[in-house]
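Novice: The primary structure of each chain is shown beneath.
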Amino acid sequence: MKQRFISIFIISFFLQLSSALMAQNITDTLNYRERYGLRIGLDLSKPLRTLLEEDYRGLEIMGDYRLYDNYYLAAEIGNEQLPFRGDNLRVTANGSYIKLGADYNAYDNWAGMENLIYGGLRYGFATFSQTLEEYNIYTREQYFPPNIIEGPFETSGLTASWLELIVGLKVEILHNLYLGGNVQLKRRITQSTPSNFDNLVIPGFNRTYDDSSFGVGYGYNISYLIPLYRRARN
Amino acid sequence: MFREKIKTAGLTLHLLCLMALSQSCQRDDICPAATPVTPMLNIAFFDANETDVTRAPSNLRVRAIEPDTIIFNRENTAEIRIPLRTDMDITEYEFTINAPALPSPGEEEIPGENTNADRISFIYSRDQIYINRACSYKVIYLDLQANLQQDDNPWINNITIEEETVENETEIHINIYH
Chain A
4 MKQRFISIFI ISFFLQLSSA LMAQNITDTL NYRERYGLRI GLDLSKPLRT
54 LLEEDYRGLE IMGDYRLYDN YYLAAEIGNE QLPFRGDNLR VTANGSYIKL
104 GADYNAYDNW AGMENLIYGG LRYGFATFSQ TLEEYNIYTR EQYFPPNIIE
154 GPFETSGLTA SWLELIVGLK VEILHNLYLG GNVQLKRRIT QSTPSNFDNL
204 VIPGFNRTYD DSSFGVGYGY NISYLIPLYR RARN
Chain B
255 MFREKIKTAG LTLHLLCLMA LSQSCQRDDI CPAATPVTPM LNIAFFDANE
305 TDVTRAPSNL RVRAIEPDTI IFNRENTAEI RIPLRTDMDI TEYEFTINAP
355 ALPSPGEEEI PGENTNADRI SFIYSRDQIY INRACSYKVI YLDLQANLQQ
405 DDNPWINNIT IEEETVENET EIHINIYH
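If you read the protein sequences in the order shown, they are chains A and B. Residue 237, in the working numbering, is where the first sequence stops; the numbers in between run on with no holes. Residue 432, in the working numbering, is where the second sequence stops; the numbers in between run on with no holes.
Next up, chain A with everything else stripped away, as it sits in the complex (with noise of 0.2 Å):
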């Protein structure tokens, strides 16, 4: 009779061990490990608009880095020329821009996916030339033939920097390459400007606005994500 008892409590005591081991050992092979790496891409949405807008010329580069958990460090490069097509003048701006920002990722994923819904915020800064293709003199009433004058009339050397708020998604389509989209909304801090004159378009930041600080972007890109370690999901 106590032999059976013990015998019961001996095989029941193993039995919740190893029930125990073995539930540690699922919650073990659950823990997925996620890649932190380099992603390097291209905007496509620029290389598109150069070959459908007739004056439209840009290209850019960008790239993350996985931080911790769900923070990237990301910077984009890039060099644009853009017109500005007004009724009583038109413009040039030819320049190069950098961002420099942070992304946090927003999106829950499933285990063994790494897709991006993510906000951040971006430093950017351009070096640029504004150029005066052609203007007229505006009159109230047109008593004389209009008077245009043809440039072009270059200022080189201008500056401008800006804040942006950037929302976006990248999903994994292929194993390590992301295809993603974002808008931007910006507002720009300081600017050099040309005498007699004005920034109406900004490489890195589109056209700007009479009286507003504000821009807004969009963008379209393809990235490859070069893994460099990995690590379990917190």
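Worth double-checking, as some hints may not be accurate.
Over the 12 Å line for every Cβ pair with chain A, so calculated as not near, a few chain B residues [as the list claims (entries may be wrong)]: (1) Pro290; (2) Asn370; (3) Asp372; (4) Glu421.
What follows is a list of derived Cβ distance ranges for each label pair [unchecked claim]: (5) Arg60/A - Arg328/B: 49 to 59 Å; (6) Ala288/B - Asp72/A: 26 to 36 Å; (7) Ser379/B - Arg60/A: 37 to 47 Å; (8) Ser312/B - Glu57/A: 51 to 61 Å; (9) Ile344/B - Tyr223/A: 50 to 60 Å.
These are calculated hints, taken from the structure and not from any lab test. Glycine included, every Cβ here is placed at the ideal spot set by N, Cα and C.
Dock chain B against the given chain A, drawing on the hints supplied.
Specialist: Okay, now just chain B, sitting in the frame of chain A:
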């Protein structure tokens, strides 16, 4: 957890967009009618004998010489406004009193009884000033001079420059005494 994050993110984005839009809801691709642009020349007519009494010339015609443009015909006002050329430093005008009606196209003009034409050359220097992206540039005129051409029977007695700088249309720039 995820839903909460998206909700706060979306809310922030909406607020920021509203902020951005509220900064400027005005279209900046039309030049507003209230914006001061290239000013026209304001001329006031006075009596030659009583120099502070305004005297409107009868049936005044103002014609620019180059290009041959009639600004207006048979006006009877004591204050007129005429354009100056923005591409040259000189604008020549012909002021005709008692001008006849304009002939129909193809017909010759028949001068009236007391028709008298005087020519004035306005000489100045120009300055181009940027307004905004919709209105582009305007011209203001500096160091204005008016030269009356000598002829046998001028109806204009004297011309004085009231304002040497033509930069707005609120002041009278030139007084003509006749």
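Novice: For each hint, tell me whether it holds in the structure or not.
Specialist: Each hint tested on the structure:
Its beta-carbon lying about 10 Å from the closest one in chain A, Pro290/B breaks the requirement of being farther than 12 Å from that chain. The non-interface label for Asn370/B is consistent with chain A: the shortest C-beta to C-beta separation is roughly 23 Å, beyond 12 Å. With 12 Å as the threshold on Cβ separation, the claim that Asp372/B sits away from chain A holds: the shortest Cβ distance comes to roughly 20 Å. Residue-level check passed: Glu421/B sits 14 Å from the nearest beta carbon of chain A, beyond 12 Å.
Checked against the given bound of 49 to 59 Å, the beta carbons of Arg60/A and Arg328/B, roughly 57 Å apart, stay inside it. Range check, Ala288/B to Asp72/A: Cβ separation about 56 Å, and the 26 to 36 Å hint is violated. Between Ser379/B and Arg60/A the C-beta distance comes to about 40 Å, which sits within the given range of 37 to 47 Å. The hinted range of 51 to 61 Å is satisfied by Ser312/B and Glu57/A, whose Cβ atoms lie roughly 57 Å apart.
With their beta carbons about 56 Å apart, Ile344/B and Tyr223/A fall inside the hinted range of 50 to 60 Å.
Hint violations for this structure: numbers 1 and 6, all remaining hints satisfied.
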